[in-house]
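Student: Protein chains in written order, with the working numbering: chain W, -15 to 339; chain P, -15 to 339.
Keep in mind that the hints were calculated from the coordinates and are not lab data. Keep in mind that the hints are not guaranteed to be accurate.
The list treats identical chains as interchangeable, and a pair is accepted whether it falls inside one copy or across any two copies.
What the hints assert, rightly or not - Taking lysine-lysine and the DSS-like style, the derived pairs with C-alpha atoms no more than 30 angstroms apart in a straight line are:
{"hint": "1", "residue 1": "Lys114", "residue 2": "Lys19"}
{"hint": "2", "residue 1": "Lys258", "residue 2": "Lys44"}
{"hint": "3", "residue 1": "Lys28", "residue 2": "Lys220"}
{"hint": "4", "residue 1": "Lys339", "residue 2": "Lys44"}
{"hint": "5", "residue 1": "Lys170", "residue 2": "Lys19"}
{"hint": "6", "residue 1": "Lys258", "residue 2": "Lys339"}
Each chain is listed here by its residues.
2 protein chains.
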Amino acid sequence: MVTQKNQNNPIIDTDIHHNISSVYDLVPYLPDQWKRYILDYNWKPEERSVPFYQIRKATKYRMDTVPEDGSTPGSNYQLLKEQLLDKYNINYGILTGWFYEATVAKGWYEFATARASAYNDYTIEHWLEKDKRLLGSITVPKDPQAAVREIERVGSHPQMVQVMLGISDFAWGDPYFHPIFEAAYKHGLAVSMHLSSSISAQGGDFLRYYVAWRSLHPQAYMTQVISLITNGVFDKFPDLKVALVEGGFEWVPFMMHRMDSAYKGLRQETPWVKRMPSDYFRDNLKFTTQPWDDLTAHQFLNVIDMMGSEEMIMFATDYPHWDFDSPERTLPKQIPDSLRQKIMYENARDFYSLK
Amino acid sequence: MVTQKNQNNPIIDTDIHHNISSVYDLVPYLPDQWKRYILDYNWKPEERSVPFYQIRKATKYRMDTVPEDGSTPGSNYQLLKEQLLDKYNINYGILTGWFYEATVAKGWYEFATARASAYNDYTIEHWLEKDKRLLGSITVPKDPQAAVREIERVGSHPQMVQVMLGISDFAWGDPYFHPIFEAAYKHGLAVSMHLSSSISAQGGDFLRYYVAWRSLHPQAYMTQVISLITNGVFDKFPDLKVALVEGGFEWVPFMMHRMDSAYKGLRQETPWVKRMPSDYFRDNLKFTTQPWDDLTAHQFLNVIDMMGSEEMIMFATDYPHWDFDSPERTLPKQIPDSLRQKIMYENARDFYSLK
Chain W
-15 MVTQKNQNNP IIDTDIHHNI SSVYDLVPYL PDQWKRYILD YNWKPEERSV
35 PFYQIRKATK YRMDTVPEDG STPGSNYQLL KEQLLDKYNI NYGILTGWFY
85 EATVAKGWYE FATARASAYN DYTIEHWLEK DKRLLGSITV PKDPQAAVRE
135 IERVGSHPQM VQVMLGISDF AWGDPYFHPI FEAAYKHGLA VSMHLSSSIS
185 AQGGDFLRYY VAWRSLHPQA YMTQVISLIT NGVFDKFPDL KVALVEGGFE
235 WVPFMMHRMD SAYKGLRQET PWVKRMPSDY FRDNLKFTTQ PWDDLTAHQF
285 LNVIDMMGSE EMIMFATDYP HWDFDSPERT LPKQIPDSLR QKIMYENARD
335 FYSLK
Chain P
-15 MVTQKNQNNP IIDTDIHHNI SSVYDLVPYL PDQWKRYILD YNWKPEERSV
35 PFYQIRKATK YRMDTVPEDG STPGSNYQLL KEQLLDKYNI NYGILTGWFY
85 EATVAKGWYE FATARASAYN DYTIEHWLEK DKRLLGSITV PKDPQAAVRE
135 IERVGSHPQM VQVMLGISDF AWGDPYFHPI FEAAYKHGLA VSMHLSSSIS
185 AQGGDFLRYY VAWRSLHPQA YMTQVISLIT NGVFDKFPDL KVALVEGGFE
235 WVPFMMHRMD SAYKGLRQET PWVKRMPSDY FRDNLKFTTQ PWDDLTAHQF
285 LNVIDMMGSE EMIMFATDYP HWDFDSPERT LPKQIPDSLR QKIMYENARD
335 FYSLK
């Protein structure tokens, strides 16, 4: 399916935030019981209110991604096609969406389940069916049994490639959630994790400034990775693949070394973890490039060297957010072509088993 | 004061956990009001109970550090002198102690203040006065005004070199705590931060396994560093020096790049932060070697290269804990002598303004 135009420098973008223009877009896909909450009672998704939202709201999106009708950035297929897929000759674009609130919501799981299903149906009809280059993520509720049902409902759609687990203040490696990984595994789907707005920093509610909040994002990804490994998720499902999207990658070698070192001395407590933690990192985990922390080629090659693998990083733009990373400018010019090709295309192709 | 014996390969150990043999050691230094809590009511320091304590209690210490009378490891000066100071020809040993609970205790600040004072007096009489090689850390309560009074009370002791801030689930950079940094600064003291047993991981109470807990320690240090920098502590006190002890160092370059990158785009929200975050890392912060995460010389030199500084790391043993790092074996043999000397001695000498 690689286009003629871009056979030489193929690209897969692993983090595209398509969106609904408003919550009314979900109404056609909701059972009557839940339609009423939106149409009659004016239900809106909750956003955690923290001070930096004042500054974040004004600057969340690239200014040119607002459609002409003023609707939400990322909600217009034609504009996304022009500004991203066609402009950069993207071979595949992974839609990671926006609807993490249905996944991380506490309680009221029946409605959250209905919202997740509606969002998946909306994504299939309004996005996947319009463009074969677009690949989808299955939004699921936090309730494991309901999540499994949703994976079984839409998991066999040919353009659905992964289950999306939003990151909040709980750890997905908990045995309670293992049925979700099992269902993904059975359907040949990857799992992708992406931060939601409801994460706290280590230590609690310390999120006053956006610089601090952004710098602390990787903490939430560390918690997830450590949880998955120490709870034996990859021992139960050895070929399961998990992408950690938008959480950085420069911390990864440090955590590989740290966990290996701790495991050598302390594995008696987790006998179900059979391999060195760094083995799971290399064989089961992928990390994405955006936001690119201004690394030079020399620094970036150091990180790759410390990882001991060229296969752990996948390219992502984060379109249409303000900190969009362009395919043309993200990776430093001085890195070897073979490594560039792996990051821009091959690692994601293999991760998602694409042709 | 460098001994003849060790002029060629001098060593400063920046993390020695001297201890009391029991809480009764503090009684002579407590006001009558608080003596009663220990003598009459059997008060004991609280330890947070988490499952891995079962396994941790049996293995917390190097087995050979238990004194012959069976008392607490680290509580016997003669044994510590033989096993550490004399054995490895340590020029200076920084006592970081054990009494973080007085610092991170929630409420009941009057008693916590009395305990901190008693512990400091015990340290002076039973440790500092016995050996000029030993240098002390001032334990303070969390209440900033009481902490300032304690710094003023013992801060001019010639062997007291730093204020010790235990790390728990709050961030020391909060303006509420700035009087503590001001007092340290005025007295020419450094500040040292060390994890306590009361830290949670990002996301809350996810600390089931020791491998996980240990791998997550650096999160708590990240929270502190980001808090100090974004709250402008180093803009208020430009020469203030802060040591992050036992929290690892391999994550540091990643956080320098991450914060610089975030700051470039988002500093409008923190205009009081005048310099690039990585500048504060290089000029104001130090990190210690223990626990050494089994880095090879090549990997270690990569980390130093990514830091852009050879002056940010100080050697530490963590005596008498089970994961003690020997001065003879910690740093890989293949690193340059000049770098080794900086880490083993010079960086700490400069940090603590020693001769």
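Student: Would you mind marking each hint as holding or not holding in the structure?
Tutor: Verification of the hints:
Taking CA atoms no more than 30 angstroms apart as the test, Lys114 paired with Lys19 passes inside one copy only; the shortest distance there is 26 angstroms, against 77 angstroms between copies. In this assembly of identical chains, Lys258 and Lys44 lie within 30 angstroms of each other by CA distance solely across copies; the values are 24 angstroms between and 43 angstroms within a copy. Taking identical chains as interchangeable, the C-alpha atoms of Lys28 and Lys220 are never at most 30 angstroms apart, the minima being 38 angstroms within one chain and 43 angstroms between chains. With identical chains, the CA atoms of Lys339 and Lys44 are never at most 30 angstroms apart, being 34 angstroms at best within one copy and 52 angstroms at best between copies.
In this assembly of identical chains, the alpha carbons of Lys170 and Lys19 never lie at most 30 angstroms apart, being 32 angstroms within a copy and 64 angstroms across copies at closest. For the identical chains of this complex, Lys258 and Lys339 are neighbours neither inside a copy (32 angstroms) nor across copies (50 angstroms), given an alpha-carbon limit of 30 angstroms.
Violated hints, in rising order: 3, 4, 5 and 6; the structure is consistent with all others.
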